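**Student:** Listed below are the residues making up each chain.
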Amino acid sequence: MEESVESVRVIVIDDEEGMREGMRRALQRQGYGVDTAEDGESALRLLRENSYSLALVDLKMPGIDGFEVTRFINENLQGTVVVIVSALATVEAAVEVTRHGAFDFLAKPFTPKDLLHVVERALRQHSLLSDRQQYLTELNSERNLSRQLINSMHEGVIVLNRNRLPVLMNPTAEAFVGKAYREGMSVEELGLRPEVLAAVQEVLDGGKARTLREPLGQRMMELLSLPYLRGEEKVGAILILNDITLQWQADQEKSRFIAMVAHELKSPLAAILNYVNIILTGMFDQEPAKIHEMLARSKIRGEALLDLIRDLLYLNQREAGKIEKSPERLELKEVLAAQLDFFKVQAERSRIRLQLEAAGDSFPVLADRKDLDRIFMNLISNGIKYNREDGSLTVRLASSNGSVRVQVSDTGIGMKAEEMEGLFQDFYRVKNPQTSGIPGTGLGLATVKRVTAECQGDIRVDSVPDRGTTFTVTLPRA
Amino acid sequence: MSKILIIDDDLDILETMGSLLEAEGFQIHSAETVEKGLEMIETIAPDLVLLDVMFPEKKTRGFEAAAQIKAGHPKLPLFLLTAINREYAFDFNKEDVPAEEFLNKPVKIDRLVKLIRNYI
Chain A
1 MEESVESVRV
11 IVIDDEEGMR
21 EGMRRALQRQ
31 GYGVDTAEDG
41 ESALRLLREN
51 SYSLALVDLK
61 MPGIDGFEVT
71 RFINENLQGT
81 VVVIVSALAT
91 VEAAVEVTRH
101 GAFDFLAKPF
111 TPKDLLHVVE
121 RALRQHSLLS
131 DRQQYLTELN
141 SERNLSRQLI
151 NSMHEGVIVL
161 NRNRLPVLMN
171 PTAEAFVGKA
181 YREGMSVEEL
191 GLRPEVLAAV
201 QEVLDGGKAR
211 TLREPLGQRM
221 MELLSLPYLR
231 GEEKVGAILI
241 LNDITLQWQA
251 DQEKSRFIAM
261 VAHELKSPLA
271 AILNYVNIIL
281 TGMFDQEPAK
291 IHEMLARSKI
301 RGEALLDLIR
311 DLLYLNQREA
321 GKIEKSPERL
331 ELKEVLAAQL
341 DFFKVQAERS
351 RIRLQLEAAG
361 DSFPVLADRK
371 DLDRIFMNLI
381 SNGIKYNRED
391 GSLTVRLASS
401 NGSVRVQVSD
411 TGIGMKAEEM
421 EGLFQDFYRV
431 KNPQTSGIPG
441 TGLGLATVKR
451 VTAECQGDIR
461 VDSVPDRGTT
471 FTVTLPRA
Chain B
1 MSKILIIDDD
11 LDILETMGSL
21 LEAEGFQIHS
31 AETVEKGLEM
41 IETIAPDLVL
51 LDVMFPEKKT
61 RGFEAAAQIK
71 AGHPKLPLFL
81 LTAINREYAF
91 DFNKEDVPAE
101 EFLNKPVKID
111 RLVKLIRNYI
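In the order they appear, the protein sequences are chains A and B.
For the first sequence, my numbering assigns the number 1 to the initial residue and increments by one for each residue that follows.
For the second sequence, my numbering assigns the number 1 to the initial residue and increments by one for each residue that follows.
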């Protein structure tokens, strides 16, 4: 990097005025910018305040001498080249000043030509120095950048050398393995699965990059093993660790759900097919009542199957976000009255009395109408299905500090404590001789719980066997 | 007459499977809970047991029951009935469950009868 003469500033430090001025004039004629100092103290002041490419330093000065100025420059100002100017023109002196960090030595007396020759040579050195400085700075900042990038990565990074010793771990990797990086630690300490170590070895032996899915501690990881190359040469292996625990859990959850769905869809179908098979065998041809009974059972199971498919499709739409919500200020009393009205015929058929009791005039909530219908339709329907003949179903409304409470109570079969466990889980159904004839999908209450939570509400159940069950839904008052 | 015990919480399955197998000449006993089934194995001494996997109290209750049955009666032929798809099986290995046959619901009666005749 060539510097133009105009940008070059030189400082001349000499206690002899004639010498000082002579050098200044010679240099200024060449276009250099020149400052002068008559002693070490003022020289240091100028050096601190300004930036010079070159310092011409007289060795022998009272107070702070040339050696000290040279040392100061070397320690503090790496961009400034020092040339010593002295009458002590010996080889020893030259060696001595170079040892102190000077670049060159100019013996007094000298001609202007000698001076310019030395100055030009020194400036070439300065130019080299600043190139190198720049290069080092850039290199350093690049290293810093890579380091920062690696350290801020969401993925864990482990670098292993050819001997499979860890040489670098970023903080994410340290968190994953639960151990801080320590020089000389072994790969075994990282708690990686044998399959992972094998993949690393494969890469070290010249194999291809590989992706694995393995547990690491409590987490599920996706690991990528890559060769660590310097140029063409393989110097180790790089392991990238990606935490996929949440995704994996969701996958597991989904598999489980699908397994349950398969079971719940096939069970009624199996029952229906069995009934049909029995009828087809003709073994009950002489008993029309028995055949009628089997057909009736098939119909019930078929209807339940259809309900289940409807519920599943509804759940699917919900999860896909396809059900748009439009919350509005609704009067819960009206919503419940409409729901009870809807169930009137069904209740009359089972001789169940429906009643609505409200402790107050107004129970406003902010919710989507379809959500409220879904919650209370399920609860009222259950209250009728699991009731006894000539029983009753009572919906009670009350307000309490900032919330609205709805209780749906039936006078039905009730549940034992152990039967209530898992009541709000998908596909849970209380099975006992009393419930065996009652159709249900096992998704109703699970859906009610989900929807209630989405409405910022809460649901609770209390039950006494053979006395009845009460569901209590609490919603924020609008 | 060979005695078959069916343990399944689905009463329709109990009834229909029972009828179909009775028509094939087997004597059928049924239990709608695992507990009742385990008890009946001792009292009626069946020649073969058909056991459902999923029960309301626990999704894999049948697998545990299989181990319980085989512990006391290692020679008693045991068929597991499941409506779970193999690929979505719960946390179990088929190898770990001591049963002679695994049947997927809905079970084809002809096939079931053929399999049963291999054992009794």
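Hint data in this document are derived by calculation from the structure and do not stem from the laboratory.
One or more of the hints may lead you astray.
Heads up, incomplete: computed chain B residues facing chain A, CB under 10 Å, no partners named [claimed, not checked]:
no.	residue
1	L11
2	S19
3	E35
4	E39
5	E101
6	N104
7	V107
Residues of chain B placed beyond 10 Å of chain A at every Cβ, according to the derived structure [to be verified]:
no.	residue
8	T16
9	P77
10	D96
11	K105
Predicted model only: the values in this text are computed from it and were never measured.
Idealized CB from N, CA, C, for every residue including glycine.
**Student:** Each hint should be assessed against the structure and marked as holding or not.
**Tutor:** For each hint, the structure was consulted:
Checking B:L11 against chain A: minimum C-beta separation of about 5 Å stays under 10 Å; hint holds. The interface hint given for B:S19 holds, since its Cβ lies 5 Å from the closest Cβ of chain A, which is under the 10 Å cut-off. Contact between B:E35 and chain A, as hinted, is not supported at the beta carbon level, the nearest pair being about 13 Å apart and thus beyond 10 Å. Interface hint at B:E39: violated, since its Cβ lies 17 Å from the closest Cβ of chain A, which is beyond the 10 Å cut-off.
The criterion of a C-beta within 10 Å of any C-beta in chain A is not met by B:E101, whose closest approach is roughly 16 Å, and the hint is violated. Proximity of B:N104 to chain A holds as hinted, the smallest CB-CB distance being about 8 Å (cut-off 10 Å). The beta carbon of B:V107 comes within 7 Å of a beta carbon in chain A, closer than 10 Å, and the hint placing it at the interface holds. The beta carbon of B:T16 is not kept farther than 10 Å from every beta carbon of chain A, the shortest such distance being approximately 3 Å.
For B:P77, the requirement that its beta carbon stay farther than 10 Å from each beta carbon of chain A is met, with the minimum near 21 Å. At the 10 Å boundary, the C-beta of B:D96 stays outside the reach of chain A, the nearest C-beta of that chain being 17 Å off. A Cβ of chain A approaches the Cβ of B:K105 within 10 Å, the least distance being about 4 Å, so the stated non-interface status is violated.
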